[in-house]
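4 protein chains.
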Amino acid sequence: MSEIKEIQEALLKFRDDRDWKQFHDSKNLATAISIEAGELNELFLWKDTVNCEDVKPERLKEELADVFSFAFLLAEKHGLDVKEIILDKIKKNDEKYPVEKAKGTAKKYTDL
Amino acid sequence: MSEIKEIQEALLKFRDDRDWKQFHDSKNLATAISIEAGELNELFLWKDTVNCEDVKPERLKEELADVFSFAFLLAEKHGLDVKEIILDKIKKNDEKYPVEKAKGTAKKYTDL
Amino acid sequence: MSEIKEIQEALLKFRDDRDWKQFHDSKNLATAISIEAGELNELFLWKDTVNCEDVKPERLKEELADVFSFAFLLAEKHGLDVKEIILDKIKKNDEKYPVEKAKGTAKKYTDL
Amino acid sequence: MSEIKEIQEALLKFRDDRDWKQFHDSKNLATAISIEAGELNELFLWKDTVNCEDVKPERLKEELADVFSFAFLLAEKHGLDVKEIILDKIKKNDEKYPVEKAKGTAKKYTDL
Chain X
1 MSEIKEIQEA LLKFRDDRDW KQFHDSKNLA TAISIEAGEL NELFLWKDTV
51 NCEDVKPERL KEELADVFSF AFLLAEKHGL DVKEIILDKI KKNDEKYPVE
101 KAKGTAKKYT DL
Chain E
1001 MSEIKEIQEA LLKFRDDRDW KQFHDSKNLA TAISIEAGEL NELFLWKDTV
1051 NCEDVKPERL KEELADVFSF AFLLAEKHGL DVKEIILDKI KKNDEKYPVE
1101 KAKGTAKKYT DL
Chain F
2001 MSEIKEIQEA LLKFRDDRDW KQFHDSKNLA TAISIEAGEL NELFLWKDTV
2051 NCEDVKPERL KEELADVFSF AFLLAEKHGL DVKEIILDKI KKNDEKYPVE
2101 KAKGTAKKYT DL
Chain D
3001 MSEIKEIQEA LLKFRDDRDW KQFHDSKNLA TAISIEAGEL NELFLWKDTV
3051 NCEDVKPERL KEELADVFSF AFLLAEKHGL DVKEIILDKI KKNDEKYPVE
3101 KAKGTAKKYT DL
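Order-wise, the sequence lines are chains X, E, F and D.
Going by this note's numbering, 10 is the number at position 10 of the first sequence; the sequence numbering is gapless.
To convert, take the position in the second sequence, counting from 1, and add 1000; that gives this note's numbering.
To convert, take the position in the third sequence, counting from 1, and add 2000; that gives this note's numbering.
To convert, take the position in the fourth sequence, counting from 1, and add 3000; that gives this note's numbering.
A few of these clues could be false.
[Claimed, not checked] The calculated DSS-like cross-link candidates involving lysine-lysine, where the alpha carbons are at most 30 Å apart (straight line), are:
no.: 1; chain 1: E; residue 1: K1103; chain 2: E; residue 2: K1077
no.: 2; chain 1: X; residue 1: K61; chain 2: E; residue 2: K1108
no.: 3; chain 1: D; residue 1: K3077; chain 2: F; residue 2: K2101
no.: 4; chain 1: F; residue 1: K2101; chain 2: D; residue 2: K3108
[As the list claims (entries may be wrong)] So, partial list: chain X residues that the calculated Cβ filter (under 8 Å) puts toward chain E:
no.: 5; residue: E3
no.: 6; residue: S26
no.: 7; residue: C52
no.: 8; residue: K56
no.: 9; residue: A65
no.: 10; residue: A102
no.: 11; residue: T110
No lab work stands behind these hints, which were simulated from the structure alone.
Glycine included, each C-beta is placed from N, C-alpha and C at the ideal position.
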């Protein structure tokens, strides 16, 4: 079994042991990702781009794990292959952000 | 190479081809996750928990890929093993949400 | 003094009593709005569009107050008149969502 | 009529002209706040706490207006007095963050 499939199986077991599939519609899973992303951001709030790296590793692991968990559950719900959708998106971004234009600048593609 | 390592290598190559590591401090990566989570949620906005499943697959793939991409980059930056942090979090949640108390209810652990 | 000015004065006093202006750059204030919006959303997580109305009023008041507080601080920082920017945005949305096209549909203006 | 009441009346008129009250349950309004907060954050993405102040004023006005609009609609839906809930929250924060402990530090109250 692939690594990602293993992760998803563990998440599904946790969910099904609690009979929580009924709550896991796509809208709620997307909301959950957003909430967990907020908690992740709280670790860096009021910091700057330098001192933000001094973060409690235990908290970072937990909040990042929460974001990943709901994202893997949403991908699984829609039968999406996580590696495939990321590689596809990189291809699209390769076109939106050609190296010669995007190198060294953080501008959005619409402003390049 | 593991599947997740492969994904991260592809993301790092995309980043380094553009010399973007300089922008990828942890705070900005966390902000990026949050922004992409917002775009993901837009797909489900004004829908209910039933009709939300009727979503454009192409948009879902792209927005979910964006969330994953920044999450994988943040994990890589901190040398975190994604499978390990998720399995660790499931173990913690197993204690916070014991099956006999949590089964069939969406209550937060603080209200169980 | 206008009602909004009164609110902003109270927020500024709270901030300045603690010497917190130094942390309130626009990026951090925007992050704070996002985090508080996440906490607000947590009140409705796993609910549907009907049972979501059964929310703890005290929590709702607090989380919504937090969103407003950072939004008022960001507006104040940039010298923006809150009533004016909202009325201006309504005017723009009037053009993006003409009544005859938008009535009764939740479609985005790009899909109308 | 108070300033905030005026803003809310304008928002309700825009909503009712389009028969959109049906979509404005509390859960969706909270999601909308979160999405707009994400768009607001995009203005500051990849910036640091200094160069983030160099932001396009027109975009800032629009994104901040969107956050405010959905927040005012959610407050109106629950009959909340915006000034009152903010002043109440400031009082609570006064206790959580006493001046002598909180002055000059960005620590969360749980770490003070």
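Hints, verified against the model:
{"no.": "1", "hint": "K1103(E) x K1077(E)", "result": "violated, 37 Å"}
{"no.": "2", "hint": "K61(X) x K1108(E)", "result": "holds, 20 Å"}
{"no.": "3", "hint": "K3077(D) x K2101(F)", "result": "holds, 25 Å"}
{"no.": "4", "hint": "K2101(F) x K3108(D)", "result": "violated, 48 Å"}
{"no.": "5", "hint": "E3", "result": "holds, 5 Å"}
{"no.": "6", "hint": "S26", "result": "holds, 5 Å"}
{"no.": "7", "hint": "C52", "result": "holds, 4 Å"}
{"no.": "8", "hint": "K56", "result": "violated, 11 Å"}
{"no.": "9", "hint": "A65", "result": "holds, 4 Å"}
{"no.": "10", "hint": "A102", "result": "holds, 5 Å"}
{"no.": "11", "hint": "T110", "result": "violated, 15 Å"}
Hints 1, 4, 8, 11, counting from the list given before, are not met by this structure.
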